[in-house]
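Undergrad: Combine the two chains into a complex, taking the hints into account.
Given next are the chains, with one letter for each unit.
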Amino acid sequence: MGSASEGEQFDAIIIGAGHNGLVTAAYLAKAGRRVVVLERRELLGGAAATEEIFPGYQVNTGACDTSLFLPEIVSDLGLETNGVEFIYPPAAIFSPQLKGPPLTIWRDPLKSLNEIAAFSQKDADNFEPYLRLVTRLGKILRDTMTLTPPPLPKITPGAALPWLPIALQAKRLGDNDLRELMRVVTMPVMDFLDEWFENPLLKASLGVSGVIGSMQGPRSPGTTFMLLYQAMGVGNYGFRTTRLVRGGTGRLSQTLADRARQYGAEIRLGASVAAINLDRGRASGVSLTNGERISGRAVFSNANPSHTFFDLVGAPNLPLRLVREVRAIKYRGSTARINLALSDLPGFNTSSGGREHLTGRIVICPGLDYLERAYDDAKYGIPSPQPYLDIVIPTLSDPSLAPEGAHLMCIDVRFTPYNLRDGNWDEQRERLGDQVIKLLTAYSPGIKNLVTHRQVLTPLDLEQSLGLPEGSIYHGQMGLDQLFFMRPTAGSRGASTPIPGLYLCGSGAHPGGGLTGAPGYNAARQTLKEMRNEFGSYRY
Amino acid sequence: MPDLRLYENYDAIVIGGGHNGLVTSAYLAKAGLKVLVLEQRHVLGGASSTEEIFPGYKFSVFSYVVSLLRPEIIRELDLPKHGLAILPLESTLTPLPGGDFLYRDADHYRTIQEISRFSPRDADAYEDYSRTMYFMAKAVKYILGIQPPDPTSLNPNDLAGLYRLARHFLNLPEDQLHTLVRLMTMSSADFLERWFESEPLMGTLSASGIIGTFLGPRSPGTAYVLLHHYMGEIDGNFRSWGYAKGGTGGISQAIAGAARSSGVEIRLNSPVSEVVVKNGRAVGVALRDGKEIAAKVIVSSLDPNQTFLKLVDPNILPVDLVSSVRKYVYRGSSGKVNLALDAAPNLVCLDMRSGDGVPQSKTALRGAISISPSVDYIERAYDQAKYGDFSQRPYIDIIIPSMIDPGMAPPGKHVMSCFVQYAAYSLEKGSWEQRREAFGDAVVDTLCEYIPNLKDIIVYRQVLTPYDIEQSIGLTEGNIFQGELSLSQLFFLRPAPGYANYRTPVKGYYQCGSATHPGGGISGAPGRLAALRILKDLR
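So the protein sequences, as listed, match chains A and B. Going letter by letter, the first sequence gives residues 41 to 580 in this note's numbering. Going letter by letter, the second sequence gives residues 173 to 711 in this note's numbering.
Chain B extracted, bound-state conformation (with noise of 0.2 Å):
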């Protein structure tokens, strides 16, 4: 069979094999192209991957869970042919100092029996608060399906775009548009107010508007953060959040696998250097070994940085896309920490009797455990952090694959993915090479508090800061989101005002992360969105 790597040439290149990328690809092949995916590190996803970072323990090394996988995408693709399985998680577990926890799971007269224990008003509101936010995502649902228009443009397109936006926008009941305005500016921990009291509700809600950013619940724009993470949808229920199979980089697999079935071939160890550019338009990619491949259409998956000032040439450039791709904020926040155990882990809450409402040890831990015992912990945490350093007692949440998918460990024994925040990219004092351990001590100090056993069973331990983030899959400062999911960078405003619509200035250059609409988590929205605009252009 001829070499066909003599005559490089493809309609398209995705650069990075991360989720988004392999979307892309996978849309761009189905449409009829020929694609070629290159990611630089010897195993695809990004940070959707599945690696054996120690003998017979698999770890999710960096995402852990999945719900804002976009159904549209999973049905399109027809991921579960390729090996998608998301497991329901289905319980979360709030350990408090002093042996008492909260739980809450899918069995509803359960939950809001929990909840009455520390609040017959929050048990009582919790249906509301359930309804309410189950209206706000599918309001905003809209939104993740559009390319977002500019409303400063007077473009037909964008006048065409605001027109539906509004019009999707007003045609809601008014006390929806009010709740949604208020999701938009307020503090996740006001806006929970307006519902609950309790300090284990209140922490373990409040924490989803943290996640990946660099905000305290009490931060006005972390209600926005927290409808975020409620978008998305599992078997049509919204707001569930589910384990893949094989770790997220079973999901990673199964989109490759669509890919590939559609003919895209996927080059690991491949890193790319530059995106050759003649005469305004791409033409190629040059790889770090310095070979050449032609393609009409190059599509990045990397981050602003590295799309517009690394990959090619920022004098190119309008000066006002560089301005403000210089001035959009990344701000990592996150770490993460993967544990090998030996053993299952004792929760000290869980031997606590408390009539009915006791968990099975089982299940509590077949779901996530949160380690946000109130919102001023989780406040307090981010105090720490700000001024430059870790969190000694962090917000941690928590899942134990084995128990539920037990390949990934071998019998008997675990894996326990730890995703903690608050690690400040840049530290006041010391670099992160010094001081990861000392990261990694206050991560585990800390769930010794919950679960004594813990030091005993440790086999292996993975720590990775916002450092090492960026060294290993690229996402620069270690922002898990491809750049913070604030208003003034989310929208047509991502990544700069007037490129929100994954072109570049450069003709046949595309962007197509999370640094685009709609952000981060692993939705693979922004990758589709790309590619229909790209196959737009085409025709």
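Only chain A is shown next, with the shape it has when bound in the complex (with noise of 0.2 Å):
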């Protein structure tokens, strides 16, 4: 058993090359750290990765949209000077009904206002103000990612201060905008829409946002929350928008990665880990599966909470309280994604043919209704037949990311549940590709035909190749029970655990996913201060 890396001594060991944890390798090594990241595949990125899964095409076998990302990252890291190029499409949401015309909601809000009002003039009048709103209440909700959840109950001063900016710029926006949020993001999204808009068509293009990433439907409590924290994207448009990457998601990880080693961090792929090492309780390093150790003064999981928890350290040797808290911790994954190679663009009823209306997302979810009896199948185990389909197109704005003329269609299935009533996914996994193309050929005939190749991945599948427990996205499901200083348990403060020394920098510590990038940025922020206080003088 080779020792040699016995000695091997990091400040900081990552363990997953994921978006997140590649962020917090970037600023841990900007800061002069030594840092090792450790990637069990031979690929980077996590579920924010490109895959040639079909010969000639750049496939994003996770996700499709970066629109979240945090624009401090960015520029802090240089990203867009050093291979990353944005693409914002023209078209934020393109929602087709089966009788009657489309609803296209464009990133400039004042294109989208005349189709908007051939369905309803007052919801035209009231859309201006619905976004105003959104993105007032979003941008606090927005400051709230980046900073560290206190420590109820015990409040000291110096947690507490950081607050102090919110809380004044809250109260700034005026009394009215913070009894709003504090009224609005314990609602129903249904509820929400239905006191600004009467279009069912318009509020489920909006709607829909709000049940990304948790097991409810839009009548459940606390999915407007969802919905302000999907509008909060890059631009604040006050809906949901797409921001695309030129060569694909994976290139804005490669470019993550890259920046990292330039400022000296070291990434491993094929290193998977198999066990955190503790010395009297705290987090020394890492054990691989091929008996390799690696000591670190601080070890980072990107993998979600009861990987880390219980494979990486092991119950025994946790806290009783936390093992009983991480083993209630809800995943509740609820999509199932499907990759499609089509030999040509597929039509739908635009309203003027455009191709340009197909650029942004695609919404297969004619109204609220509709998404809500999603939700009652996936309650009792059944992948519902009418899903919510989530669609994006991206070589429509990126076509190098497939042969010539041909395209790709990346679709989140929505209210797929992880545990089946009947049978088990290995069997229902082609059954549920058939389902979900039968269901577009509605909206789009002839689809069908165009498909060359096919990938569907269920829960199981994303639970098994990319480590999202039960299929969620997310890392855990984003409930108002599992947000801020409850998330992943109560009492979490960002990306502190319970076990000094170790730290969670994924989505499944504060704020959560999105492919924000914000939990790996917050893993670096709160330890170069605790490093700092820990270790007195640094080598810089």
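Derived by calculation from the structure, the hints in this document are not laboratory data. In this text the structure is predicted, and so the values were computed from the model without any measurement. A portion of the hints provided could be inaccurate.
Unchecked claim - A few chain B residues that don't get close to chain A, going by computed Cβ distances all over 12 Å:
id, residue
1, Gly228
2, Ile315
3, Pro328
4, Ser445
5, Leu459
6, Ala516
7, Val616
8, Cys620
As the list claims (entries may be wrong) - Some chain A residues judged to face chain B by a derived CB distance under 10 Å, without partners named:
id, residue
9, Arg223
10, Thr226
11, Met255
12, Gly257
13, Ser260
14, Glu365
15, Asp521
16, Phe525
Claimed, not checked - Below, computed lysine-lysine pairings styled on BS3-like, alpha-carbon distance capped at 25 Å:
id, chain 1, residue 1, chain 2, residue 2
17, B, Lys499, A, Lys179
18, A, Lys194, B, Lys310
19, B, Lys482, B, Lys450
20, A, Lys194, B, Lys313
Where a beta carbon is used, it is the ideal one built from N, C-alpha and C, also for glycine.
TA: The structure is reproduced here in structure tokens:
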């Protein structure tokens, strides 16, 4: 057993080269720390990767959208001057119906007004005030993303102080906004939208974002939080937009890795961590599956909390309370993914026949009742036969991803439960693919004949290949009870864990998922401060 | 004796003789005010009334059990002296399809035995759960007695209130604070899953989270409603539910008795059509028959629809208040089926012998019977109704008052009170006039699965839909709490941001119903807090 690495001492060991882990690596390395990232796959990026799973096609096997990625990370790490080219498609949401015209919400809200007015003038009149409110409320939320939740109930002045600017800013926005935020954030998305709009297609187009990342429907309280969260994207439009990366989402992860390396971090692929080592209760390093041991002053895990605490640390090494808490984390994955290679662009009933309409997100969800019924199915362990489909055709904005004339379609199928009432996912995989194609055919006749390749990733596949428990794309449902100081467990303080020297830098930590980079950023921010405090003078 | 009504002039008029209005009147009169209560119906109590709907049979027409009546109100108004007698409901029986059942009662040991028939793990967890909820009820008890401070206000009173509130909660042990956060944000099913696994127990406990609420046990927010229903105390015992002798009307009568003993005048059959406002000040009310009565203080115990949009001209109110009131969610989800029975119901499950755990038939029938065999059963009932219908297989909470209060029915006969979820106020198809009996049939059909002789012994059936509840006692959309108990309209947001202090923008005009903090249930807390607010303002 090679023990040459026994002497290998890093300041920070990062388990997992997902986008968050890479963000942490880059920041720590930039601050002069000795960093190593250990990724078990041969590929970087985790759920923000691009792979040639069909010959000649660069497929986003995870997220397509980077609109929530924190702008400060982009500028701090110089991502755009080092390989990341963001693409801002002109359309935000395209919602076709079976009968009747589709609705397009454009990135430019003024452009949307005419289309909305065709459905309802009242809705068109309310659209901009609605966007202004969502933007204002989203701003308050956005500022909480990069702060450490205070250690309630034992609040110390030091922990409370960073919150003062937000409190003041919120107060300055006016009593009304703060109260309004408190009032609406717990509401069901259906109720929130009912206060503003009457047209079902508009409400569905906006409301679907409320059910992302949770097994809840539009009538469930708390879904307005997610609607606000998804609308916080760069540009602050007030609705969910899509931002692509030229060459695929993996290019973002790749560039993060490049920057980390340029700052001095080491990234090892094919390096699978078997355990986090503890020295007198303190994280002291890791052991790989090949027996190699690496020491570190701090260990960061980009893996989900259950894998981190139960598989890598081991329940016997955890406080009993933490064991109970981690066991009770609700993952509740509700998403499956289908990637299609198409020989041509599929036709939808667009108002003008223009491809422009399809450049953002295509939402198959003609109403919020449709969405709730899909949730009803999934609640009882049945993959909904009429799911909400969240579709991106990245090749419209970035033809380099596919051979000439061909297209890629990435479909997030929502309300496919992990636990099936009948059968198992291995048996049901292709049936799910067939069901979705059948549904799509109703909105885009002939699409079946365009499919040249198909990949179906069930919640089970997402769990096994990407380490997303129960297929939860956010490492844990983002309901109101699993946010902030309750994420991933009660009393959590951002990246810190009850194990000294061990930090969570993935979506399982505050603020959650969505390809924001925030958990990774917070892990670096929190530990740089702590490291400075704990270790005194530090090699810079 | 001169007819004093020629000089119709009171210190305070309370609109609505429901339990909160009566509580307010009693407290104001105790402080020396001359108070008049105006009730539109022929009977007092609003949703807490007992009526002889069928000759010889007395129904607690709407509400049927009590737990949340504040001990300080019972004490301060000396309600037992005025006839209040609450008999504890000692057991809950959950009959199951197939004849088995879950039985829990005040005998802790027997309850644990019963639960362990379904899951030994649940039996072990039961005590920890009970203890947790006890502490939670204690922790929130403080909130029940305070006017909610506005966290966005810099007003010294609000800041002081906020400080005290923060100090109260930050002094809690860490795990209790976390549990409280969970209760505020989770679904009742998820919350209970942290302790339990067996379906009958989970179903029955999670049902407390959906009472009067149009959400399923898997919807976030229902754990709060669960907590709300745990906040009751009877004789210092938390979480005990009781039955009021004489039906819930007995509670209203007792409060009315206390009020009258302090000089309150109560007039029935006196619907108020508007509050008379002069120069921004409430100076009296006008009855529907045109008569005007003057008073310095007018208190509405009705819901915001009435208080702000009907009793006054909304144009005199600030735009933000009117807008908030229009957004206030009622969303009635409950119905009631009251049955007059010729004989005792035979529950099939009680014929089952299962050793020592078998309850005597009579004991189980003296408690509550809950049709809640599993969480999924209740969730499906919700799914059936939420798009605008009623559940074909509803959740039903049943008591048979005549078993412990023989005066409610002729000898050997019984009254059976069935509270039902779910029934939407707005039906997708048809009207409630058309579908009322079908709803009643669905309830009776469901009950017959557990009580085979039921149809043979029904002498009379009264079916109350959300529409009927609204039409008869003025609860908008039939919501029993005068508005959903959801976080977006609780506490400092109830009924509207900035107006959660029992006052209204009109001087001298106040609100005291369940649409104010701390919300619904027969607690009397809103009525008392409103009275304290008024008395403070008068000083």
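Undergrad: Within a Cα-Cα threshold of 25 Å, do B:Lys499 and A:Lys179 meet the stated pairing?
TA: holds (24 Å)
Undergrad: Against chain A, does B:Ser445 hold up as non-interface, every C-beta pair farther apart than 12 Å?
TA: holds (30 Å)
Undergrad: Compare the distance between the alpha carbons of B:Lys482 and B:Lys450 with 25 Å, and conclude whether the hinted pair is satisfied.
TA: holds (17 Å)
Undergrad: Report holds or violated for the interface hint on A:Thr226, using the least CB-CB distance to chain B and a cut-off of 10 Å.
TA: Because about 4 Å separates A:Thr226 from the closest Cβ in chain B, which is inside the 10 Å limit, the hint holds.
Undergrad: When you check the alpha-carbon spacing of A:Lys194 and B:Lys310, does it fall within 25 Å?
TA: Holds - the C-alpha atoms of B:Lys310 and A:Lys194 are around 20 Å apart, at most 25 Å.
Undergrad: When you look at the beta carbon of B:Gly228, is every beta carbon of chain A farther off than 12 Å?
TA: holds (44 Å)
Undergrad: Does A:Met255 meet its interface restraint, that is, does its C-beta lie within less than 10 Å of any C-beta in chain B?
TA: It holds, given that the least Cβ distance between A:Met255 and chain B is near 9 Å, below 10 Å.
Undergrad: With a cut-off of 10 Å on the beta carbons, see whether A:Phe525 makes it to chain B.
TA: holds (8 Å)
Undergrad: Find the nearest Cβ of chain A to the Cβ of B:Leu459 and say whether that gap is larger than 12 Å.
TA: holds (35 Å)
Undergrad: Identify whether the interface hint at A:Gly257 stands, where standing means a beta carbon of chain B within less than 10 Å of its own.
TA: holds (9 Å)
Undergrad: Hey, does B:Cys620 actually stay past 12 Å from chain A on C-beta?
TA: It holds; B:Cys620 is separated from chain A by about 26 Å at its closest Cβ, greater than 12 Å.
Undergrad: Are all beta-carbon distances from B:Ala516 to chain A longer than 12 Å?
TA: Holds, because the least Cβ-Cβ distance between B:Ala516 and chain A comes to about 37 Å, which exceeds 12 Å.
In this structure, every one of the numbered hints holds.
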